[in-house]
Amino acid sequence: MLSNVEVYKIWAQDNALWTEWVKPVSFANMRRKNFEGLSIPKADWVLQSDRSAAIIVDLPGKDGVLEGLALAHIGYRPVPLYNGVRYYNASKMIVPVHEIEDALYNGAVELSGLRISLDAPPAFLLDSNRMSGRVISGEYDNRWSIFPQDMPSASYLIGKGIRNVIVRTDIMRNDLEHILYKYQSLGITIYMDDGVIRRAVKVSKPSKFRNLFYRFSVIMGLRRNPAGGFGGMVPEESSGGYG
Numbered sequence: 019m020l021s022n023v024e025v026y027k028i029w030a031q032d033n034a035l036w037t038e039w040v041k042p043v044s045f046a047n048m049r050r051k052n053f054e055g056l057s058i059p060k061a062d063w064v065l066q067s068d069r070s071a072a073i074i075v076d077l078p079g080k081d082g083v084l085e086g087l088a089l090a091h092i093g094y095r096p097v098p099l100y101n102g103v104r105y106y107n108a109s110k111m112i113v114p115v116h117e118i119e120d121a122l123y124n125g126a127v128e129l130s131g132l133r134i135s136l137d138a139p140p141a142f143l144l145d146s147n148r149m150s151g152r153v154i155s156g157e158y159d160n161r162w163s164i165f166p167q168d169m170p171s172a173s174y175l176i177g178k179g180i181r182n183v184i185v186r187t188d189i190m191r192n193d194l195e196h197i198l199y200k201y202q203s204l205g206i207t208i209y210m211d212d213g214v215i216r217r218a219v220k221v222s223k224p225s226k227f228r229n230l231f232y233r234f235s236v237i238m239g240l241r242r243n244p245a246g247g248f249g250g251m252v253p254e255e256s257s258g259g260y261g
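If you read the sequence shown in the numbering used here, its first letter stands for residue 19, the second for the next number, and so on.
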């Protein structure tokens, strides 16, 4: 049985090019248990790793982790960006991150058995459900958003030979568009791939792009966790009054 730190070090391998972007939140809170086998799909929408292309996997729940492992088998370096904190009572979480953490934990054994180049092209892993769900009193609000600071800059990617970004998703989400639009404006070509069809896309300029208050306004609607990442209880509505 591996410790949480050991699992983290497998996903955030020392000296790997993209390790500094791996978010530690999921690894800090995951619960250790006996390893279970994972049903890893074939990434048949990608024939082989391409050093000129970075991939962003924006799929729901553990599907993103499984797709990341599939890409690792063909030479990509999976980079988990999950930033929602786990709550002990899974039924209370607005975003069910427990299955993501379980997949990361179980996937560590699979990943440790692969020989991936330290400078392999990256596959950044996101949960497409990160901003989904209703905020209800008494629930644990662990919704989170991706910001430009959470991913490499366009100039950094270009400096590493990345000229294309392929987004594996069914729909472009607004928070990701803020990052992709900047990439696009500096000459990186953006593709969208739903697993069947890949097409080049022109990302429209998002509302509040580069607005100084964009990050502030988004974070104000979320709950930061003192230990890092996002997660906090929604206060119960008061049933009392003044009489």
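Keep in mind the hints are simulated off the structure, nothing from the lab. Check each hint, because a few of them may be wrong.
As the list claims (entries may be wrong) - As a list, the in silico DSBU-like pairs of lysine-lysine whose alpha-carbon atoms are at most 35 Å apart:
{"#": "1", "residue 1": "Lys223", "residue 2": "Lys60"}
{"#": "2", "residue 1": "Lys51", "residue 2": "Lys110"}
{"#": "3", "residue 1": "Lys220", "residue 2": "Lys200"}
{"#": "4", "residue 1": "Lys226", "residue 2": "Lys60"}
{"#": "5", "residue 1": "Lys220", "residue 2": "Lys110"}
{"#": "6", "residue 1": "Lys27", "residue 2": "Lys110"}
Now for the hints, and whether the structure bears them out:
1. Our distance criterion of 35 Å between C-alpha atoms is met by Lys223 and Lys60, whose separation comes to about 34 Å.
2. Only pairs whose Cα atoms come within 35 Å are accepted, and Lys51 paired with Lys110 is accepted, the gap being roughly 21 Å.
3. A threshold of 35 Å between alpha carbons decides the hint, and for Lys220 with Lys200 the separation of about 12 Å falls inside it, so the pair holds.
4. A distance of roughly 38 Å separates the Cα atoms of Lys226 and Lys60; the hinted pair therefore is violated under the 35 Å criterion.
5. Among the hinted pairs, Lys220 with Lys110 is inconsistent with the structure: their alpha-carbon atoms are about 38 Å apart, more than 35 Å.
6. This hinted pair checks out: Lys27 and Lys110 have alpha carbons roughly 29 Å apart, not beyond 35 Å.
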